[in-house]
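Student: These are the residues of each chain, in order.
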Amino acid sequence: MDKTMNQENRKAENKKRTTQRPGTRRLVQLYAALLYNANLKGFIDGHIYTGNLKSVCVPGFNCYSCPGAVASCPLGSLQNALNAAGHTLPWYVLGILALFGVILGRTICGWICPLGLIQELLHKIPTPKIRKSHITRKLSYLKYVFLAVFVIAIPLIYGVGKGIILPGFCKYICPAGTFEGAVGLLQNPVNATSFYQLGSVFTNKWVIMLVIGLACVFCYRTFCRFICPLGAIYGFFNRFALTGVKVNPDRCNGCGLCVMKCQMDVKHVGDHECISCGKCIDTCAQGAISLKCGKITLKGPEIGKNADPEPVIRKRRKTGRVVWGVAIAILVFAVCWFNIIEPAIENANEPAAAIEQVTATSEPEAAGQTAAQTGPETEKQTADTTEPAETKAGEPAEQTADTTETAEAKVGEPVEESPKTQEAAVNLPVGTEIGNLAPDFSTDLIGGGNFKLSDYRGKVVILNFWGTTCAPCVEELPYYEELKVKYPDCEILAIHAKAGAKKAEAFLADKGWDHLDFALDSKEKGIQKLLDVSEALPSTIVLNLQGVVTYKAQAPLTYEKLEALYKEALADPTGKP
Amino acid sequence: MTRNKTFLIVQSVFCALIAGLLAAAALQLYFDGAAKQAEGDLFYYMYTREKAGEKLLPILPLFFTALGLTIAGLILGVKDEKAEKPVRDEILLKDLGSIQNKAVHQTATQGELYARVAIITLAVCMIIAGIINGGLEDVLAKGATICTECVGLG
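Protein chains in written order, with our numbering: chain A, 779 to 1355; chain B, 59 to 212.
Hint data in this document are derived by calculation from the structure and do not stem from the laboratory.
Don't be surprised by glycine CBs; every beta carbon is placed ideally from N, CA and C.
Do not take every clue at face value.
Within a straight-line C-alpha distance of at most 25 Å, the following computed SDA-like cross-link-like pairs (lysine to any residue) qualify [what the hints assert, rightly or not]: (1) K1073/A x K109/B; (2) K1230/A x P1256/A; (3) K907/A x E148/B; (4) K916/A x D147/B; (5) K940/A x G192/B; (6) K109/B x E97/B; (7) K152/B x G1034/A; (8) K1237/A x N1125/A.
Covered, in the sense of this in silico footprint (three residues per stretch, anywhere, with C-beta under 8 Å from a C-beta of chain A), are these stretches of chain B [as the list claims (entries may be wrong)]: (9) 68-75; (10) 177-184.
With the rest of the complex left out, here is chain A:
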């Protein structure tokens, strides 16, 4: 009898499953993932969103270096804030986390975390599943270790104690960073040079991401349950959270079915492990559990629903439709804003700023048009349509050989340009690719003075783009200083990226990099955009004696590499196309 009933139940379940539509929670998860990543054009053009909304954190786990991300990751921001705790106390990020925690608690994990969605989709792959047990329950405390060590201790010890920027969790573990950030950027051919900086960190993180991904296939929300420090933080607030699953004590008979069927390692409904997914609401035969936001019931037991009178049900449906309507309108507006309206506004403002700040040199005029007049897009077109530099310059091999000899004999001293090499440079297209003549620009220097690129013809110029919040940038700047001390004739301009430029001056005050020239980029100056430098820092451009680009990549450099690049530029009159 039991066997027949079981079979019937199973058949009914199978039928229900095959005809199942995505539930409300899945739709909300998809909605949140899309809203967090509304900058869809980022996936096409390979650049991240750099607007002011990035000063706000989203509640869920979403890497801010993902090309689609329109706001910041709370965990990355927390590590960065703790890193900088020596000079700026991390009130802002802590306040945001506390606010999210007390309003939503771990409902965030279950409903609006894109990484949670990815984990659940991976778990949908039909394979044998590892069920929760006393071992997984013990392992669930591991995330507090990750929180204490990688998110709090490492950034604090390195940041406050040693002045080194080290977001421990992001750098060594975070699979969201690898998947959304690294893979999201690397898949685009625009970021091909980003591959050059891949090394041990990427290899480690790639393997970690695969292990976590594979584990999620077999074990429900592996990352969320055992590793996620953000979930651990929100877990502290779960008890006080305004939103979450609540129990009606009059109906609960303590059978424990809710806990035994729950896939998370909960001890009771709504504890620090509970992500308020609402599965227990369907499981509870007593109809004792409901998902609430204050006094509003977001999801109630089926019995309650059926028992409600028809007008109440109708009103609830109507409210649901209105809420979804508003949510979809917000999403459509966000997608239009980030992909169409905001870029159009920026483009409309751009030419005026560029012409104001950028001065053209006489050489590019001979080649056709100046960078300032043409803008980056036309530059690219020029580069595409012009024949390779070697063909135009004529006899490049011979020239290189000749100049190499001269350069080797006079390293560190100014080298006079021969008329032949000057002629070669004149015929090159203006652009930012290797072998192009770099577009001219001028900018004010920190500490006074002005830098105009065309004034440094006859010298090797190294343009380094850096940021105070970028660890590899800060690590490599002493190498530039060393190079400048050894080769005083080399001109090095370190340009702080427009983001966070206000703090650069104070940051540089006690560093002692006195031989380098520092400048700040801004939205109005647009140097980064003019030179087509990505948001990935550090980025370096090396120009030879004629101002031709001989090296351009987004990669941190060692002193040896830097010296080799300098010597190469000194020896190479035309650049290497």
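For this one, chain A is given, so just place chain B on it according to the hints.
Tutor: For chain B alone, kept in the frame of chain A given last:
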């Protein structure tokens, strides 16, 4: 062994194989590159777009087969049925003891309400303090540049 079980095991093998091959590809590129760099080639890049493409291409057929199997499995309703049954781990159940669901009241207790209001007030004050001390700008600065180390580009 039932057909259901066989399907699940085959799918597991596929998943493990794909993850293993992807990891092996990265490790091979890394160790090859490290060896070349050790020989003194300063500008030898461990990874390039072309090298990555070469390594990923042979894995694609496996990936699409696994994807096809997943879709077929989901349509046919193949799944590990044990996973949906209530957990029967005796040590866990003993550890859980009596389920303390009644502690999670439907409406917040007075103490919880006070705590909630206190935390919200504190959080808002902290956010305002953060905006004043430049914390907001720091978040923007970090978010508006690609943190190469953070995303693993190091």
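Student: Now look at each hint and say whether the structure bears it out.
Tutor: Okay, the hints, checked on the actual structure:
no.: 1; hint: K1073/A x K109/B; in the structure: 57 Å, violated
no.: 2; hint: K1230/A x P1256/A; in the structure: 23 Å, holds
no.: 3; hint: K907/A x E148/B; in the structure: 19 Å, holds
no.: 4; hint: K916/A x D147/B; in the structure: 13 Å, holds
no.: 5; hint: K940/A x G192/B; in the structure: 22 Å, holds
no.: 6; hint: K109/B x E97/B; in the structure: 20 Å, holds
no.: 7; hint: K152/B x G1034/A; in the structure: 12 Å, holds
no.: 8; hint: K1237/A x N1125/A; in the structure: 34 Å, violated
no.: 9; hint: 68-75; in the structure: holds (count 4)
no.: 10; hint: 177-184; in the structure: holds (count 7)
Checked against the numbered hints given earlier, the structure breaks hints 1 and 8 and satisfies all the rest.
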